[in-house]
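Colleague: Chains as they are written, first to last, in our numbering: chain E, 1 to 303; chain A, 1 to 303; chain Y, 1 to 524; chain V, 1 to 524.
The hints are simulated quantities; they were obtained by calculation from the structure and are not laboratory data.
Note that CB positions come from ideal geometry on N, CA and C, so glycine has one too.
There could be a bad hint or two in this list.
[Unchecked claim] List time: in silico DMTMM-like cross-link candidates among lysine to aspartate or glutamate, alpha-carbon distance up to 20 Å:
hint, chain 1, residue 1, chain 2, residue 2
1, Y, K107, A, E221
2, E, K57, V, E451
3, V, K107, E, E199
4, Y, K459, A, E221
5, A, K57, Y, E159
6, Y, K478, E, E221
7, E, K280, V, D473
8, E, K252, Y, E424
9, Y, K177, Y, E159
10, V, K177, E, E221
[Said to hold, decoys possible] These stretches of chain E come out as covered by chain V in the derived footprint (C-beta under 8 Å, 3 or more residues):
hint, region
11, 284-291
12, 295-302
[Claimed, not checked] Some chain A residues judged to face chain V by a derived CB distance under 10 Å, without partners named:
hint, residue
13, T59
14, S61
15, K62
16, W65
17, Y88
18, P208
19, V243
20, G251
21, K252
22, K280
23, S284
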Amino acid sequence: MSFAEYRELIQDGDTAIVFLGHDSMFPVTIQQGGQTQTKYGVLRHSTDLIGKRYGSKVTCSKGGWVYILYPTPELWTMNLPHRTQILYSTDISMITMMLELKPGSVVCESGTGSGSLSHAIIRTIAPTGHLYTVEFHQQRAEKAMEEFRQHNVDHLVTVKNQDVCKNGFGVSHVADAVFLDIPSPWEAIGHAKDALKIEGGRVCSFSPCIEQVQRTCLALEEHGFTEISTLEILLRIYDVRTVSLQIPDFGKPVEEKESFESSDASKQVSASQQGSALFKSGVSPRESVGHTGYLTFATKSLF
Amino acid sequence: MSFAEYRELIQDGDTAIVFLGHDSMFPVTIQQGGQTQTKYGVLRHSTDLIGKRYGSKVTCSKGGWVYILYPTPELWTMNLPHRTQILYSTDISMITMMLELKPGSVVCESGTGSGSLSHAIIRTIAPTGHLYTVEFHQQRAEKAMEEFRQHNVDHLVTVKNQDVCKNGFGVSHVADAVFLDIPSPWEAIGHAKDALKIEGGRVCSFSPCIEQVQRTCLALEEHGFTEISTLEILLRIYDVRTVSLQIPDFGKPVEEKESFESSDASKQVSASQQGSALFKSGVSPRESVGHTGYLTFATKSLF
Amino acid sequence: MSSAVLRPCARCVLSSMRRAWRPRKYCVSHTWVVQAAGAVSRMAAPVQLIGEGDYVVLKREDVFKAVQVQRRKKVIFEKQWIYLDNAIGKNYGTMFEITGGGNLQMKSNIVASAEPKEAGADNRNIVDDGKSQKLTREDIEALKEKGIKGQEIVQQLIENSTTFRDKTEFAQEKYIKKKKKKYEANITILKPSTRILAVMYYAREPGKICQLRYDTLAQMLTLGNIHAGSKVLVMETCAGLVLGSVMERMGGYGSVIQMYSGGGPVRAATDCFGFPKSFYETLYEFPLNKLEALISGTGSYSSRVIPAEEEPEKMDEESSRSDNEKQKATQDLVGDCLAESTESMETSLAESEEGVKRCEEVSENHKGGQNVDKKQVAMEKKQKQDERRKREAEAAKLLQDRNADGLIVASRFHPTPLLLTLLEFVAPSRPFVVYCQYKEPLLECYTKLRERGGVINLKLSETWLRNYQVLPDRSHPKLVMSSGGGYILHGITVTRDTTKTNTSCSERTEEPAPKKQKVAEDKS
Amino acid sequence: MSSAVLRPCARCVLSSMRRAWRPRKYCVSHTWVVQAAGAVSRMAAPVQLIGEGDYVVLKREDVFKAVQVQRRKKVIFEKQWIYLDNAIGKNYGTMFEITGGGNLQMKSNIVASAEPKEAGADNRNIVDDGKSQKLTREDIEALKEKGIKGQEIVQQLIENSTTFRDKTEFAQEKYIKKKKKKYEANITILKPSTRILAVMYYAREPGKICQLRYDTLAQMLTLGNIHAGSKVLVMETCAGLVLGSVMERMGGYGSVIQMYSGGGPVRAATDCFGFPKSFYETLYEFPLNKLEALISGTGSYSSRVIPAEEEPEKMDEESSRSDNEKQKATQDLVGDCLAESTESMETSLAESEEGVKRCEEVSENHKGGQNVDKKQVAMEKKQKQDERRKREAEAAKLLQDRNADGLIVASRFHPTPLLLTLLEFVAPSRPFVVYCQYKEPLLECYTKLRERGGVINLKLSETWLRNYQVLPDRSHPKLVMSSGGGYILHGITVTRDTTKTNTSCSERTEEPAPKKQKVAEDKS
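Next comes chain E alone, as it looks inside the complex:
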């Protein structure tokens, strides 16, 4: 198992996703002899999981069943242990495309945080690219490295525990792209420029507040970046529902008696079942994420 390439079968040491049902899942580390409790009963790794194909339906001890999924960076983002606020796939998608990441890209990132974006970057730049990720919180940096090892992508990433605003990324003129998710990104723009290749590259800064964006844009301009552009992307999910709307009763004279009865509250249920219109609808949930952050992109040219 590796987050950077697919495998068919579940193996000892893999990180896998146990899928219980609609939006309900959790990650598990497969261990010879290990077992995992689910609400449907126990999963015994050696007998129930190892050697099975990813995507299989597995029956738990109480007779209920779950699916075991191959861990993609997107599933990991939905299931990872939060050590900080994390970036979700909607923003990650945009960051990846607008930074022009692809196999072979060299990327600098700060902060590592919970590693949500890091996993997605590594997936995209593998097998020949490299991620340099800087995290100022020591425990977080250590935990991230541990996860990268566990997920078999540690050869594609270097984690460093330092303050990017003070000490930069520790590399010069190697990066195709730099990503910043720190409280004062404007303090790190100089370091970002230094990390980018001589011939140029792209930079992205993620900030929740508009004042951070304002300062970052100024700093980018001062450092000679071009194509500075700020955007925001929001996900809107639709639940697919079958909805029934009642047809009103105007007291059609033909069936006068009938219609009178249907206006009686106690019989309205059956009446509504007769006189109603069914349709499929994509329904917005009542509340959704209203803001994650602003994404500011810019280009460093040769000049």
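The hints should help you fit chains A, Y and V onto chain E, whose structure is shown.
Modeller: What follows is chains A, Y and V alone, placed relative to chain E:
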């Protein structure tokens, strides 16, 4: 005719809306003996319009026809002569509700601009309320007054030509609500407070830029306003369309010959007419208004 | 630190102060000024104080609750029992603190906001081990029992937090807000308005108002050109909120005809507005299930004008029957209300970290004063029956004129049949607006209305609402937003062709023919 | 004053500089590194310069155009004819000015932005009488003929405007921007990428890419977990843009099978990426109308493995037929291209004041080098036919393994039949993503996929994109926004039950039963 109450019949002196078709209309002043050119021919006011019911279909000289509509503030907003950027009905709706306007409300507004919001305010506060509107551009102030007279609402409004930031609204402790649409609203917050009734009232400021909002919110707080809240409202219109999507041809073996033909580009048109799915869809136009302005509301309490 | 608006009903006569500024004309010649004169007189008092029996709205942070002010009556708000007695005679907009025993005590001044002073640059050194707070749960309970006020408890918590000073400003603020919410309880008492009630219902009981978001309601009122002096048809199943908002905009001038289904019109939210009695004199109701008879001119509605006195026997029967139904419905309502009252009762609008909880029935307000003599009840019932019969006949007459100035629909019924039927009663050149929680029925409605004709400028739309946090260096859109405010279809009525005229200009189909399929997909 | 990115293909081997920082493991053991080794070698050069034959993107302000660099070949861009000869040998990201005769001249430095200095506080005194500009149209034409550069003309215009200094800063900026756009012509030459081409196509030719907005494409690539080393099925009618973006993300490692309808696969946009030849070795195509045969195991695809040599006669016929079709389609394409080339050709992305105009065919790029000997043509044609037949057999074999790692659909066909058929070829525990310009077909597709089973975590979604203007004191969302970026349905495959298991946990219906109609509407 008055923008503050309905009438049934078209009369001499009325402002009416000539509706030509989908989103195509213009305002006209009805005059005994007057006439109006449309692309469908001439409308003769005395014979074609005066005395007819609003909403009537009227045939023009070339045989085409139009509808004559009663002027609501919303139709006026769609058709008024622009002397400035104007407020549209989506923002106006929110302003009206969040300022708690109703018959009898006393409102102060600056600037008058092209009178788009003014007409909507007057409609809502009639017959017992009053609008004090301040415009620093002399020609605009005069033109607005002329329109109010023309629209028979001049008894409900007072127009003053002065700089609200320097001279305020010229009234003290009379208003239930104050509306600001000026470049530096923070300079007028003190005047807004002074214009509001002793026992309190609501204020709204409309600004396109976030920096204006930031300064205005600070000024509101400094002047003791509470319930300060900023929002943005955007209209999304859907065109109702019947759409057809082609069903792909996988080369069903039953009619092998047939399916081969349908893969021939020259016959694809007829094939698509057979193998396609029709449905109704609410389609977003490709581009829409992305931003008008931020609306900041606040309450002045007694204390 | 929120306080709120305080103001007399704005529909009072203009003050002499304003008159002094510039001579102005009065609109006394308008018939509807005279018609509603009774309503105006009530508004003479310069500043209206909170009175017993008033419908008011309690506000705490972003949470609203509509209640009626009654002496020695417990009210539950944000999980606390309170008595409103001490609010009587105070100004609207006053902020109160809850003291021991649930009594209100006026706050002398706005509490000094405990703004963070010393903030750490970042939170890199914070390890969350659950031990950063030195005060134990027992300590806090002890403080509360001593009668220490919420504000002081929050201060104590901050002082006893070992990590507070190391937190970032952002994290400090979050901490304070959370603790304040838990321990401080400032309540402001507001005069109800469409703004407040629409926001309240959307936050607390969206299911009761078909998920109609307040900005969508705002669009409806404006697009419907609702204003004093008009005759408006309203068909809603939004607890009477839409009806109330229409009535507020009409200010007692003109008339409103509420169409209803079932036993009787629903007006729980309408009552929360606390309108003067006179407003209800301009409000009529008519049952949907008699519309067919009204349109076809059969049954009770065979003649265009039916004076109340000449009403036939049958009408009587129907009236009393629907009255029974109403009684029954009211009982259900009360039963339902009691059943729910033990559940969790609050919902936070903006801060929905805990998700949306079930809300209590606002219509509690109806229960007051039920202990009256039975005979009196019977008499009153008879009187009400007579009154209702008379009013229904009047409503029928208003409908039969087929000259309504507007139509507002916001219901759980399919909009198409409602529109096709109710548009018959609207005059030409008048706006109509229909709300639906779902988009698909409005697509159908749009198509059917086009087929019917007699409507122009049909628009199907939705509004997006974003609320912002504007704070120094911390401005951004709110992190939670409402993603569904519902959909609106609106248009303008025109005279209807019975004979199809020969093509030409004006109202084209507006729907372009489905785009020609391009012959080859290969043209990239 | 925008310039652009300059960089060698990032898939080059890691520099020793990085290795020095920290010892790291290499992934040489992975089979796909070996497989694509040929591709890697091409990337050795440290900085790649603009070369003849390169596919590049021209950029002026916010407008992009993809072209191939050819000597002495006129290219039209933003209504100006230009020659790219002088760009050859320069760095990617270089900014050029257009001089007389349409030649490019390297700009030595970024032009000093003509920032407004003296701004009036407001525009109250400005009366627009059309006489504020002292320069006449003739004056300006004369300046242009003298060879005066755009930048200077703009400066002259500002100096000769009587009202410029009285305008507000905002109005001044608008004025300068408008004039600059008209008279200044700085062009930057960029290396193509998914970002640039997706933005370009959405701005210039949205109809050609089913209105697929770039942020939606970004979602598809991420949700589809497109990455090096996998086997991906692509079915698109987006001019090959989606295919190209998938190939970029795969970097030549793994394989892509493009499904197509009609005469042949469309790859006009794919070519614009300027991929190395080796990338195309990992690209296969297969016609939709042979899928049924492949699935049912009839006709040519009766055995699971068909070596190219043993291909039956019939297959041969089919191949040559589809080849004819392709030829024809290509002719149509070229004809279409020529017909359109005289029309207005540019579209502005952000500044669409003039609305969206028709765009020229990007596939012009295909026309180069057609004057070859006829015999050679015939030979090449035969070779190509053989090659095509062989590749189709290889594609069939790849499909028959039914173990694709992903499926990406973005087409003008109804998504339901495509999904139901193509999912058969995807391995379990793999993501699939389908794009549709309309929401309604995806509602149906969702329902049908649920019925089919073998898919979990189905989500129907849309993204909202807002672009911002961030300028000192003038920050706000852009005034024009795209309101339709299309809809995405995505999910994950799992092994499919042939026997219905007895209920329990895992994948519940996910669609709750229609809510029980509340008995009485009266419970407000």
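Colleague: It remains to establish, for every hint, whether it holds in the given structure.
Modeller: Here's how the hints hold up against the structure:
1. Between K107 of chain Y and E221 of chain A the CA atoms are separated by roughly 19 Å; this keeps the pair inside 20 Å, and the hint holds.
2. Distance check on the hinted pair: K57 of chain E and E451 of chain V sit about 17 Å apart at the alpha-carbon level, within 20 Å; holds.
3. Taking the CA atoms of K107 of chain V and E199 of chain E, the gap is near 17 Å; set against the 20 Å cutoff, the hint holds.
4. Among the hinted pairs, K459 of chain Y with E221 of chain A is inconsistent with the structure: their alpha-carbon atoms are about 40 Å apart, more than 20 Å.
5. Of the supplied pair hints, the one linking K57 of chain A and E159 of chain Y is violated, its CA atoms being roughly 76 Å apart against a limit of 20 Å.
6. Note on K478 of chain Y and E221 of chain E: the hinted pairing is violated, with a Cα-Cα distance of about 28 Å set against a maximum of 20 Å.
7. Using a Cα cut-off of 20 Å, the hinted pair K280 of chain E and D473 of chain V is violated, with the two alpha carbons roughly 47 Å apart.
8. Between K252 of chain E and E424 of chain Y the CA atoms are separated by roughly 16 Å; this keeps the pair inside 20 Å, and the hint holds.
9. Using a Cα cut-off of 20 Å, the hinted pair K177 of chain Y and E159 of chain Y holds, with the two alpha carbons roughly 15 Å apart.
10. A threshold of 20 Å between alpha carbons decides the hint, and for K177 of chain V with E221 of chain E the separation of about 18 Å falls inside it, so the pair holds.
11. Coverage of the region 284-291 of chain E by chain V is violated. Counting CB-CB distances below 8 Å, 0 residues qualify, and the rule asks for three or more.
12. Beta-carbon proximity to chain V at under 8 Å applies to 5 residues in the region 295-302 of chain E; the threshold of 3 is reached and the given coverage holds.
13. Restraint check, T59 of chain A versus chain V: the minimum CB separation of about 33 Å is more than 10 Å; hint violated.
14. Taking 10 Å as the C-beta cut-off, the interface hint given for S61 of chain A is violated, the closest approach to chain V being about 33 Å.
15. For K62 of chain A, the interface hint is violated, the least distance from its beta-carbon to any beta-carbon of chain V being 29 Å, above 10 Å.
16. With a cut of 10 Å, the hint placing W65 of chain A at the interface with chain V is violated, because the nearest CB-to-CB distance is about 29 Å.
17. With a cut of 10 Å, the hint placing Y88 of chain A at the interface with chain V is violated, because the nearest CB-to-CB distance is about 13 Å.
18. Because the smallest distance between the Cβ of P208 of chain A and any Cβ of chain V comes to about 5 Å, under 10 Å, the interface hint for this residue holds.
19. For the restraint placing V243 of chain A at the interface with chain V, the shortest Cβ-Cβ distance is roughly 6 Å, inside the 10 Å limit, so the hint holds.
20. Annotation: interface hint on G251 of chain A holds; nearest CB of chain V at approximately 4 Å, less than 10 Å.
21. Because the beta carbon of K252 of chain A sits about 5 Å from the nearest beta carbon in chain V, less than 10 Å, this interface hint is met.
22. Taking 10 Å as the C-beta contact cut-off toward chain V, the hint placing K280 of chain A at the interface holds, the least distance being around 7 Å.
23. At a threshold of 10 Å, the smallest CB-CB gap from S284 of chain A to chain V is about 3 Å, leaving the interface hint in force.
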